[in-house]
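Novice: Line by line, the protein sequences are chains P and S. Residue numbers are given in this note's numbering: position 144 of the first sequence equals residue 144, and the series is strictly consecutive. Residue numbers are given in this note's numbering: position 369 of the second sequence equals residue 369, and the series is strictly consecutive.
Fair warning: there could be bad hints in the mix.
For chains that are exact copies, the list does not tell them apart, and a pair is met inside one copy or across any two.
What the hints assert, rightly or not - PhoX-like mimics (lysine-lysine), calculated; alpha carbons at most 25 Å apart, straight line: (1) 25 / 81; (2) 5 / 392; (3) 66 / 25; (4) 344 / 226.
Worth flagging that the hints you see were computed from the coordinates, not collected in a lab.
Residues per chain, in single letters:
Protein chains: 2
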Amino acid sequence: MISEKMKPLVANNSVIRQMFEEGQKMAEQFGAENVFDFSLGNPNVPAPKEVNEAIVDIVNSVNPVKVHGYMSNAGFPETRKAIADNLNERFGTSFGVNNIIMTVGAGSALNVILKTMLNPGEEVICLAPYFVEYGNYIRNYDGVPVVISANPEGGFMPRFDELESKITPKTRALIINNPNNPTGVIYPETVIEELTALLQKKQEEFGTVIYLISDEPYRELAYGGKDVPFLTKYYDNTIVGYSYSKSLSLPGERIGYIVIPDESDQATEFIEAATISNRISGSVNAPSLIQLVIERCVDAKCEVGYYERNGRTLYEGLTKLGFECVEPQGAFYLWMKSPVEDEKAFVAKAKEYNILMVPGSSFAGPGYVRLSYCVSYEQIERSLPKFAELAKEYF
Amino acid sequence: MISEKMKPLVANNSVIRQMFEEGQKMAEQFGAENVFDFSLGNPNVPAPKEVNEAIVDIVNSVNPVKVHGYMSNAGFPETRKAIADNLNERFGTSFGVNNIIMTVGAGSALNVILKTMLNPGEEVICLAPYFVEYGNYIRNYDGVPVVISANPEGGFMPRFDELESKITPKTRALIINNPNNPTGVIYPETVIEELTALLQKKQEEFGTVIYLISDEPYRELAYGGKDVPFLTKYYDNTIVGYSYSKSLSLPGERIGYIVIPDESDQATEFIEAATISNRISGSVNAPSLIQLVIERCVDAKCEVGYYERNGRTLYEGLTKLGFECVEPQGAFYLWMKSPVEDEKAFVAKAKEYNILMVPGSSFAGPGYVRLSYCVSYEQIERSLPKFAELAKEYF
Numbered sequence: 001m002i003s004e005k006m007k008p009l010v011a012n013n014s015v016i017r018q019m020f021e022e023g024q025k026m027a028e029q030f031g032a033e034n035v036f037d038f039s040l041g042n043p044n045v046p047a048p049k050e051v052n053e054a055i056v057d058i059v060n061s062v063n064p065v066k067v068h069g070y071m072s073n074a075g076f077p078e079t080r081k082a083i084a085d086n087l088n089e090r091f092g093t094s095f096g097v098n099n100i101i102m103t104v105g106a107g108s109a110l111n112v113i114l115k116t117m118l119n120p121g122e123e124v125i126c127l128a129p130y131f132v133e134y135g136n137y138i139r140n141y142d143g144v145p146v147v148i149s150a151n152p153e154g155g156f157m158p159r160f161d162e163l164e165s166k167i168t169p170k171t172r173a174l175i176i177n178n179p180n181n182p183t184g185v186i187y188p189e190t191v192i193e194e195l196t197a198l199l200q201k202k203q204e205e206f207g208t209v210i211y212l213i214s215d216e217p218y219r220e221l222a223y224g225g226k227d228v229p230f231l232t233k234y235y236d237n238t239i240v241g242y243s244y245s246k247s248l249s250l251p252g253e254r255i256g257y258i259v260i261p262d263e264s265d266q267a268t269e270f271i272e273a274a275t276i277s278n279r280i281s282g283s284v285n286a287p288s289l290i291q292l293v294i295e296r297c298v299d300a301k302c303e304v305g306y307y308e309r310n311g312r313t314l315y316e317g318l319t320k321l322g323f324e325c326v327e328p329q330g331a332f333y334l335w336m337k338s339p340v341e342d343e344k345a346f347v348a349k350a351k352e353y354n355i356l357m358v359p360g361s362s363f364a365g366p367g368y369v370r371l372s373y374c375v376s377y378e379q380i381e382r383s384l385p386k387f388a389e390l391a392k393e394y395f
Numbered sequence: 001m002i003s004e005k006m007k008p009l010v011a012n013n014s015v016i017r018q019m020f021e022e023g024q025k026m027a028e029q030f031g032a033e034n035v036f037d038f039s040l041g042n043p044n045v046p047a048p049k050e051v052n053e054a055i056v057d058i059v060n061s062v063n064p065v066k067v068h069g070y071m072s073n074a075g076f077p078e079t080r081k082a083i084a085d086n087l088n089e090r091f092g093t094s095f096g097v098n099n100i101i102m103t104v105g106a107g108s109a110l111n112v113i114l115k116t117m118l119n120p121g122e123e124v125i126c127l128a129p130y131f132v133e134y135g136n137y138i139r140n141y142d143g144v145p146v147v148i149s150a151n152p153e154g155g156f157m158p159r160f161d162e163l164e165s166k167i168t169p170k171t172r173a174l175i176i177n178n179p180n181n182p183t184g185v186i187y188p189e190t191v192i193e194e195l196t197a198l199l200q201k202k203q204e205e206f207g208t209v210i211y212l213i214s215d216e217p218y219r220e221l222a223y224g225g226k227d228v229p230f231l232t233k234y235y236d237n238t239i240v241g242y243s244y245s246k247s248l249s250l251p252g253e254r255i256g257y258i259v260i261p262d263e264s265d266q267a268t269e270f271i272e273a274a275t276i277s278n279r280i281s282g283s284v285n286a287p288s289l290i291q292l293v294i295e296r297c298v299d300a301k302c303e304v305g306y307y308e309r310n311g312r313t314l315y316e317g318l319t320k321l322g323f324e325c326v327e328p329q330g331a332f333y334l335w336m337k338s339p340v341e342d343e344k345a346f347v348a349k350a351k352e353y354n355i356l357m358v359p360g361s362s363f364a365g366p367g368y369v370r371l372s373y374c375v376s377y378e379q380i381e382r383s384l385p386k387f388a389e390l391a392k393e394y395f
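Use the sequences and the hints to build the structure in full.
Specialist: Set out below in structure tokens:
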């Protein structure tokens, strides 16, 4: 007897997660080295050594009642201060402890943000293709996802004409993900300026507050030193959701944060509501030991070069075989056009070669597939001959 | 601009949490040894040494990509197996890996359970006095809390007459918390038998499924070897939410689990829905390193004797001073009658003596106060002269 709301979710359970389970079974059956699983964003790069060093040092030197105990629901003040200082130094912002709320990863950050702001029936705009969970997160609070269609001919930048026509008095927020999952593109400053000017204009036109929710798990994964604009500087009503899942390779630990700038609408009340929202959603607080680790590892560097090499090798290898791909600029996803219109058939065909990819329709981007290349370089090298066999089915 | 649903929550923010923040400020002002903070259930007993040993051993010996990485949303199979085996051994059940879902503590477990089952307007019964967050958790999914009034003359056991009259076709679940927060009583087997027989009768009468949600963070904290009935053996539609916050002193780490027995209604579908619910609520999965720790520490013992001594000393000390208290049988809460009808005035008066307690109305139990005695024994000893001064105001 599950709820009516859960029924369609069970019927259409996450394709990505099903693939993850399937990939594990295939690895057992065929041997891990013979399965080319590009389905899940589970970093293969180990966490920087500072992380495990910090864990050992903390459990050996800090009172366990503190390490494993409750703290303020928003998180340890010293962790929040370290994050605020780090952001201020890098982006010229002026955040304090109170602007930062520690969360159970970015998934929880987005849920807390949406729970805090959404009334039933209010609309949240997503730019296709987008991370499929956004829809679930929005519907958790009876919000309505409004999708702006993908723009392949425009390099997967936002379609501003369509966007302008779809912002209404019911628009409560727009979610942006930069660098982008699943396309691997980075929205440059010019795009951000156009986007925030449009939101500003619409706020004034409707006399409403339209939040720009910046989902930033891939912020540190920008290739070639490419700039990823920090959005609170462009638009007051920006709320940031961050995660260390990818930047520090800690996806299982569930650690991230929310930034609520003082410049945003009724910031004091919003901060308090978000803290309560974090508590009553059941998280209560972000995991304590890992919060203390973050305080010490706020400057640890992720191996962006590793992902960049993976991305380039995969992009060049697949392009050479005749596949049409978007050149990755960040994150660790390759967005590839399916050689046949029905990309699910293509995904099924690839599985016959032990290659696992996610169909683009899982991201509101049919006709494409996503390859998650946060895998070993060897997997990419080993996979290319298999892709060559797959290519022969089409070209 | 926060949502309409969050507005009353900001207006009436958790008294317990406000006290926690206040207690920390008072400790800075007066010195920690001069503040007698009995407000929060934050164990003072350190985690068993096996926990930190396991942490160090895991980060030193297991591949960090596994330790900190994603696993199945329901949790590491080896952790779930260790828990199932442990329950089976202790309670004669026959759970397997699939019956266990790891969660971000019991708070998250309850949210996942309620999200999985509740349709808007459905009723969930709470037995007063009860943990105040139940109401928030139920309202998160547009459910309606139905409160059975407290039964001080009956030792705070359920009022069966009132309960029977309040179970309706809209009743979706009843939450039970044993040992109980805030009263410290344990519902014995006879009460459980009467309760489950009533639920069974009402299920048959209405042709509905009524879940018994067993919230068990205090299961291991039963004094004098007192038996805490394991509810799946008494009632098929029992769903258990467990937490290691208290039993292993890990409240900040956010680790717990759900048990969904095969005997419960449409168990397979419910298990899948709960796993999805865990994912889309933003938790994604329970924190990974601590899951691996639990696998190794599933048999670690909590220092129940420590809490028992604290409870007895406080109970005897306060009773001697003239206060009327419920004798604690488990958990780590003392439920004390306010010497004046308005217990909030009593709480305010106690604060003048640097004693922090939570008013019973925060638990739908006005006229009482809750003292959380998971503090140092020294705090209890030092507090008694202060309580003596406080008592002089009333007796």
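Novice: Does each hint hold? Answer for all of them.
Specialist: How the hints compare with the structure:
1. Taking the shortest alpha-carbon separations for residue 25 and residue 81, only the inter-copy value of 18 Å comes in at or below 25 Å, while the best intra-copy value is 43 Å.
2. Neither within a single protomer nor between protomers do residue 5 and residue 392 lie at most 25 Å apart by alpha-carbon distance, with minima of 44 Å and 56 Å respectively.
3. Taking CA atoms no more than 25 Å apart as the test, residue 66 paired with residue 25 passes between copies only; the shortest distance there is 16 Å, against 40 Å inside one copy.
4. Within a single copy, residue 344 and residue 226 get their C-alpha atoms no closer than 33 Å, and across copies no closer than 58 Å, so neither meets the 25 Å cut-off.
Hint violations for this structure: numbers 2 and 4, all remaining hints satisfied.
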